[in-house]
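If you count by mature numbering (1 follows the signal peptide of the UniProt record, and there is no 0), then the sequence shown holds residues -24 to -1, 1 to 260, one letter each, in order.
None of these hints come from the bench; they were simulated from the model.
Possibly wrong hints are sitting among the right ones.
Okay, derived cross-link-like pairs now, BS3-like style, lysine-lysine, Cα gap no bigger than 30 Å in a straight line [said to hold, decoys possible]: (1) Lys28 with Lys127; (2) Lys127 with Lys16; (3) Lys124 with Lys108.
Note that this is a predicted model, so its numbers are computed, not measured.
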Amino acid sequence: MKKTNLKRFLLLFCMLACVFSMTACGNAQIDTNTAKESIKDNEVAYVENYLKDWAKDMILYLDSNQGEAGTDALIADAEAGITLNDVNSKMYIVNQQGMNVKTIGLYNSWNSTKDELGELKESVDVNNINVKVSDETSELCTISVKLKFEKRVCTFEFVINTDYTLESGAINPSYTTGEKMGKAGMNTLIGMGTVFVVLIFISFIISLFKYISVYENRKKEQKEDTASVGVDNAIAQIVSNEEENVEDDLELIAVITAAIAASEGTSTDGLVVRSIRKVNNRRK
């Protein structure tokens, strides 16, 4: 009886294992990212020698344009649309459709850096050129090579797109520790100098604030003087109006007196003329 139960248990276990195995197989999917990386790896492996050949000839072409004459020649070629294919009469895998904007940027970078490098002092060996597959979707690979020039060592880096156009080109000279420290010190001095200049300018602006208060006080005094003159003018006008009112009253009295005398037939010599004051009596 026990053997029968054991067989049943083993049979059930095997059936469950088969069911789960079939379920796992049914849910298995292909990783698209892994597939894309594999395709890119195979593609780079196939065209690696062509990429190295292009990088070598591009570096030699740049090195051949030294000095001011080389700068003018490089600019003339770029403006005329003369590519590396035209220079060497050879078809390269990179920039088959012609020169692009990134290539012109590479030329400008070389013109601004070549004085720090000098002439190339070693041959460009394709075995020393590294080609690394890029992790970016739109980029195929990065080509890099380190070379010794007259003044210093320099590393060239070229990023190639999946359509085999140049995405970017970098020329990175290697500086000694002393040169790096010198540049760092110079940057520090420039930064500190800028800060001091700004502080001096701010101090100068603050020192001018006292003249603002002086200007405000002058304005205030002028307003007070104007107000005082206005008050004096108003008082003088009131006094003048009162004097005119008194004169008008005297003239009125003289006219009334003359009229009374004329009606009574008497003389006005004995009359005493007095001013009349108007009194306003308000009844509450």
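Compare the structure with the hints numbered earlier in the document and write down the numbers of the violated ones, lowest to highest.
Failing hint: just 2.
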